[in-house]
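> Once you have looked at the hints, place chains D and C on chain X.
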Amino acid sequence: MTYVRNCWYVACWSADITEKPFAAHILSERIVLYRAPSGALVALEDRCVHRNAPLSVGRCEGANIRCLYHGLLFDADGRCIEIPGQDLIPEKARIRKYPVADKHDWIWVWMGDPAKAEENLIPPVAGLQHPEWLLGHGHIDIAGEARLMCDNLLDFTHLSYVHAAGFAASDAWARSRPKFTQLPNGVRSERWVVGDKGMRTREDAAPIDGWQSYDLLLPGILIMWNGFYEAGTAAKMNMGAPDPALTSFDVSLTCQAITPLKEKQTRYFWTWGPRKGPADEAVLAALMSIADEAFGEDRAIVEAQQRVLDDRPDAPIMPTNSDQGVLMYNRFVAELVRDEQSGSASPIRATA
Amino acid sequence: MTYVRNCWYVACWSADITEKPFAAHILSERIVLYRAPSGALVALEDRCVHRNAPLSVGRCEGANIRCLYHGLLFDADGRCIEIPGQDLIPEKARIRKYPVADKHDWIWVWMGDPAKAEENLIPPVAGLQHPEWLLGHGHIDIAGEARLMCDNLLDFTHLSYVHAAGFAASDAWARSRPKFTQLPNGVRSERWVVGDKGMRTREDAAPIDGWQSYDLLLPGILIMWNGFYEAGTAAKMNMGAPDPALTSFDVSLTCQAITPLKEKQTRYFWTWGPRKGPADEAVLAALMSIADEAFGEDRAIVEAQQRVLDDRPDAPIMPTNSDQGVLMYNRFVAELVRDEQSGSASPIRATA
Amino acid sequence: MTYVRNCWYVACWSADITEKPFAAHILSERIVLYRAPSGALVALEDRCVHRNAPLSVGRCEGANIRCLYHGLLFDADGRCIEIPGQDLIPEKARIRKYPVADKHDWIWVWMGDPAKAEENLIPPVAGLQHPEWLLGHGHIDIAGEARLMCDNLLDFTHLSYVHAAGFAASDAWARSRPKFTQLPNGVRSERWVVGDKGMRTREDAAPIDGWQSYDLLLPGILIMWNGFYEAGTAAKMNMGAPDPALTSFDVSLTCQAITPLKEKQTRYFWTWGPRKGPADEAVLAALMSIADEAFGEDRAIVEAQQRVLDDRPDAPIMPTNSDQGVLMYNRFVAELVRDEQSGSASPIRATA
Numbered sequence: 001m002t003y004v005r006n007c008w009y010v011a012c013w014s015a016d017i018t019e020k021p022f023a024a025h026i027l028s029e030r031i032v033l034y035r036a037p038s039g040a041l042v043a044l045e046d047r048c049v050h051r052n053a054p055l056s057v058g059r060c061e062g063a064n065i066r067c068l069y070h071g072l073l074f075d076a077d078g079r080c081i082e083i084p085g086q087d088l089i090p091e092k093a094r095i096r097k098y099p100v101a102d103k104h105d106w107i108w109v110w111m112g113d114p115a116k117a118e119e120n121l122i123p124p125v126a127g128l129q130h131p132e133w134l135l136g137h138g139h140i141d142i143a144g145e146a147r148l149m150c151d152n153l154l155d156f157t158h159l160s161y162v163h164a165a166g167f168a169a170s171d172a173w174a175r176s177r178p179k180f181t182q183l184p185n186g187v188r189s190e191r192w193v194v195g196d197k198g199m200r201t202r203e204d205a206a207p208i209d210g211w212q213s214y215d216l217l218l219p220g221i222l223i224m225w226n227g228f229y230e231a232g233t234a235a236k237m238n239m240g241a242p243d244p245a246l247t248s249f250d251v252s253l254t255c256q257a258i259t260p261l262k263e264k265q266t267r268y269f270w271t272w273g274p275r276k277g278p279a280d281e282a283v284l285a286a287l288m289s290i291a292d293e294a295f296g297e298d299r300a301i302v303e304a305q306q307r308v309l310d311d312r313p314d315a316p317i318m319p320t321n322s323d324q325g326v327l328m329y330n331r332f333v334a335e336l337v338r339d340e341q342s343g344s345a346s347p348i349r350a351t352a
Numbered sequence: 001m002t003y004v005r006n007c008w009y010v011a012c013w014s015a016d017i018t019e020k021p022f023a024a025h026i027l028s029e030r031i032v033l034y035r036a037p038s039g040a041l042v043a044l045e046d047r048c049v050h051r052n053a054p055l056s057v058g059r060c061e062g063a064n065i066r067c068l069y070h071g072l073l074f075d076a077d078g079r080c081i082e083i084p085g086q087d088l089i090p091e092k093a094r095i096r097k098y099p100v101a102d103k104h105d106w107i108w109v110w111m112g113d114p115a116k117a118e119e120n121l122i123p124p125v126a127g128l129q130h131p132e133w134l135l136g137h138g139h140i141d142i143a144g145e146a147r148l149m150c151d152n153l154l155d156f157t158h159l160s161y162v163h164a165a166g167f168a169a170s171d172a173w174a175r176s177r178p179k180f181t182q183l184p185n186g187v188r189s190e191r192w193v194v195g196d197k198g199m200r201t202r203e204d205a206a207p208i209d210g211w212q213s214y215d216l217l218l219p220g221i222l223i224m225w226n227g228f229y230e231a232g233t234a235a236k237m238n239m240g241a242p243d244p245a246l247t248s249f250d251v252s253l254t255c256q257a258i259t260p261l262k263e264k265q266t267r268y269f270w271t272w273g274p275r276k277g278p279a280d281e282a283v284l285a286a287l288m289s290i291a292d293e294a295f296g297e298d299r300a301i302v303e304a305q306q307r308v309l310d311d312r313p314d315a316p317i318m319p320t321n322s323d324q325g326v327l328m329y330n331r332f333v334a335e336l337v338r339d340e341q342s343g344s345a346s347p348i349r350a351t352a
Numbered sequence: 001m002t003y004v005r006n007c008w009y010v011a012c013w014s015a016d017i018t019e020k021p022f023a024a025h026i027l028s029e030r031i032v033l034y035r036a037p038s039g040a041l042v043a044l045e046d047r048c049v050h051r052n053a054p055l056s057v058g059r060c061e062g063a064n065i066r067c068l069y070h071g072l073l074f075d076a077d078g079r080c081i082e083i084p085g086q087d088l089i090p091e092k093a094r095i096r097k098y099p100v101a102d103k104h105d106w107i108w109v110w111m112g113d114p115a116k117a118e119e120n121l122i123p124p125v126a127g128l129q130h131p132e133w134l135l136g137h138g139h140i141d142i143a144g145e146a147r148l149m150c151d152n153l154l155d156f157t158h159l160s161y162v163h164a165a166g167f168a169a170s171d172a173w174a175r176s177r178p179k180f181t182q183l184p185n186g187v188r189s190e191r192w193v194v195g196d197k198g199m200r201t202r203e204d205a206a207p208i209d210g211w212q213s214y215d216l217l218l219p220g221i222l223i224m225w226n227g228f229y230e231a232g233t234a235a236k237m238n239m240g241a242p243d244p245a246l247t248s249f250d251v252s253l254t255c256q257a258i259t260p261l262k263e264k265q266t267r268y269f270w271t272w273g274p275r276k277g278p279a280d281e282a283v284l285a286a287l288m289s290i291a292d293e294a295f296g297e298d299r300a301i302v303e304a305q306q307r308v309l310d311d312r313p314d315a316p317i318m319p320t321n322s323d324q325g326v327l328m329y330n331r332f333v334a335e336l337v338r339d340e341q342s343g344s345a346s347p348i349r350a351t352a
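Residue numbers (my numbering), protein chains in the order written: chain X, 1 to 352; chain D, 1 to 352; chain C, 1 to 352.
Hint data in this document are derived by calculation from the structure and do not stem from the laboratory.
Mixed in with the good hints there might be a few duds.
All copies of an identical chain are treated as equivalent in the list; a pair is satisfied when it fits inside any one copy or across any two copies.
What the hints assert, rightly or not - The calculated EDC-like cross-link candidates involving lysine to aspartate or glutamate, where the alpha carbons are at most 20 Å apart (straight line), are:
| hint | residue 1 | residue 2 |
| --- | --- | --- |
| 1 | Lys97 | Asp311 |
| 2 | Lys264 | Asp310 |
| 3 | Lys264 | Asp311 |
| 4 | Lys92 | Asp314 |
| 5 | Lys92 | Asp310 |
| 6 | Lys20 | Glu297 |
| 7 | Lys264 | Glu19 |
| 8 | Lys92 | Asp323 |
| 9 | Lys262 | Asp87 |
| 10 | Lys262 | Asp310 |
| 11 | Lys264 | Asp171 |
| 12 | Lys116 | Glu281 |
| 13 | Lys20 | Asp339 |
| 14 | Lys197 | Glu293 |
| 15 | Lys264 | Glu61 |
| 16 | Lys262 | Asp311 |
| 17 | Lys197 | Glu230 |
Just chain X, same shape as in the assembly (with noise of 0.2 Å):
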């Protein structure tokens, strides 16, 4: 797997954390979370040091945690400060800490360098309770590489064949090609799909012109925004952003994150819902009834291109048209990576 480290990846959701420990795997690294009774995160490797048993399947007391298996006691900042019958401690009896923050209603874990965790390289993403959305939340296990998903989100052209139904998605979105941009920390997508049929509950066939906006950023977070707007909206904007002011319709906001748990493991975590308003829940109601039947389908697919991969894992690809965003992204990875291997990393930068 070859995956940014300097980067803050999702662990879970922010309510998955209480005074118990919570297990996680986050790039083959096993992790223990739990909240202190102050309320602090706190975010250890899952293993003690005296016999590798997990801490996970430990007990908290208070802000600390106790292996259950020969009892050793570690605090917050992953110190053994307690073995049963022995009064000395050793220096060495220590487990690895990781930077962790609780923001937006996800669980976010640095795996780089703890000195260059800085939590306003968190992601912008949209939380539960934020003011201008309202939104549905699930997620969903792959038996895949995450690095796939990522490119799954980065050509959406994959929304004409594999989301035909549960997107109703037209040949629109695979004939026509977005406009990528460099971010600092990932890339943008902006387009619009003219003449698009809208989303699969709108029942009026004239076509609309739908805009969307999306950025994929490390180390697979995307936040996207897709409006629908009466026919010829596209061209009187130039073919550029929507101007704010113009009447939309089935406005949403998702945000998702792709974390590696292990090779071929990944857990897909997404938010998405509607623009608050009046008719609001019944939208959410039938956005969700689309995600659930929508993401089973990039499950389907992810999942088929990985068996193929494991027959053949030296398999060529052969990039298409399609693959500006993938081509961008993954260089952009494989830059950082490279970087952070031979120990020039320079710190990412928040999107601006």
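Chains D and C in isolation, oriented as in the chain X frame:
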């Protein structure tokens, strides 16, 4: 896996192939099969050149097949003929096309050099509508290496032990030895089993003489004829093949195909049935019941053998007198594989 | 797996072995066990010399066993004595014979040099019909390396944490340290736990003194004696072994055997019960209920530990004061293994 490539492998039953994609594995290669509206069979590498999604989860469009990840379209020759949103199609955008034939109710795929694929090399098995034989059929999957099933079919000593129940085979099968003859594309076994009990369904205790003749042809195709005659017939024939004019009873024909799907995964196809006659439906029903039991017995012993080999891949073998056919066939296969791999392969001829 | 070979491993319960073949795994070797009509035990390599079918799916014929693939017959010494349809039997047609013994209701198999197998090296465990003890029994399979279970039994600090529920063990077990003594074939642990709560079933809250003495003998045989005495007894004995004449209550004996089936697969056999007396059946029932819960707790922690090691096979350990027995036993095992592998092995003596 060491198997001859320049021969026809059974992929599935003819009826399995429709205008929807069918996924097959042969020799660890993924193959997608479908029928064009013209009825023509298509067998292609089951892998899109773009990002390795399997075409078998795609969609047939006339004689073509579309990848349902990003929409690339391939023709029946494996050439990519459409990339959504892209005008130029690179010459290298093509996948492997396999020679394929629909014959005798089986779909045959040629895994070697396409230039050497000739339909007359397909073994002369009997199809389900054969005028002379009333054939039932089935297939089972075996969690074992395909060559172990070939070995099984080449040493019928096992009838007395593995099939003491299923075929009610007597010790006579273990004590007698068939005559093996090398064929241009396999080996032939012929023998009388003198003083046999006959089929399991036979109630008469008086011994009879059984004649069994089979060819095991590349890459694991069995064509076997069994007939029982009144006691003394073997001697009357000087142990040679029975005179076709002789009255026989319980005559049956079975055709079988052993296909290596992947390493240690084998699909075993079979047809079996009596010569058409007055009581044939009842006889067929009895044979099908025997078949279910007996092929299950073969699977059990071969899977048990495979588990021992999994634990000790280097375990030696010790051939016995009963291995004459096994040795003849495996030596033949080893020579062909060596020739194929060295590039000096000479074409295999059909049985005269 | 690094285990001593020149010792007796428990394969199964005596009652498991009949005149039908029984398949066992020890140290990743396949062994077939059966009883000859004379009652004599037979333990052979579970692999036919012909084509590696397992003999355990074969058939016992008197003191012999027949492979039910092609009918080879082996005698109780592992010599092939019949090959159907073949007169000459090669000298090399033999399989390994293991020394085997039926003692104290366990079947013991010697995995090392047969010349060194002496029955008096079988540890003096108590059989199910022991005159002094009323013993229940059971076994469980653990998806973990056998040495992890030996480590578990050599550091009873874990009682206070793993078995806080199952045994209701107090912190006293973690705070006190037993005295370990090297034995010719293992290690001995002895200790008083002063001011203990006693068995889980005890209702009286007044503290009592517990005496625990156990031997862990090669290759993972535990013989453990637990007894509780009125408070003050430990001091009265100057922390030495209790006077047998003293009145004790809740006395129990447990014998346990840890058998490495395969890498990361362990079978854990145990007997446990009270000294025979008036109320013993009720006490035994209570102990069996505790046993089910407690052995499940051991399995859970050892399997969790194994999963961490699977992810990080090179993870360091950090011994503590509580590891005295673990280190003593493992050093002893490592020396024996080194001697065995260098060919300089001296015989292991039975416990004096």
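> Each hint: holds or not?
Here is how each hint holds up against the structure:
no., hint, result
1, Lys97 to Asp311, "between (38 Å within a copy, 18 Å between copies)"
2, Lys264 to Asp310, "both (10 Å within a copy, 16 Å between copies)"
3, Lys264 to Asp311, "both (13 Å within a copy, 14 Å between copies)"
4, Lys92 to Asp314, "between (42 Å within a copy, 17 Å between copies)"
5, Lys92 to Asp310, "neither (40 Å within a copy, 23 Å between copies)"
6, Lys20 to Glu297, "between (34 Å within a copy, 19 Å between copies)"
7, Lys264 to Glu19, "neither (30 Å within a copy, 33 Å between copies)"
8, Lys92 to Asp323, "between (48 Å within a copy, 17 Å between copies)"
9, Lys262 to Asp87, "neither (38 Å within a copy, 39 Å between copies)"
10, Lys262 to Asp310, "both (15 Å within a copy, 13 Å between copies)"
11, Lys264 to Asp171, "neither (31 Å within a copy, 43 Å between copies)"
12, Lys116 to Glu281, "neither (41 Å within a copy, 65 Å between copies)"
13, Lys20 to Asp339, "neither (38 Å within a copy, 48 Å between copies)"
14, Lys197 to Glu293, "within (18 Å within a copy, 57 Å between copies)"
15, Lys264 to Glu61, "neither (35 Å within a copy, 32 Å between copies)"
16, Lys262 to Asp311, "both (19 Å within a copy, 10 Å between copies)"
17, Lys197 to Glu230, "within (11 Å within a copy, 78 Å between copies)"
Violation of the numbered hints given earlier is confined to hints 5, 7, 9, 11, 12, 13, 15; the remaining hints are satisfied by the structure.
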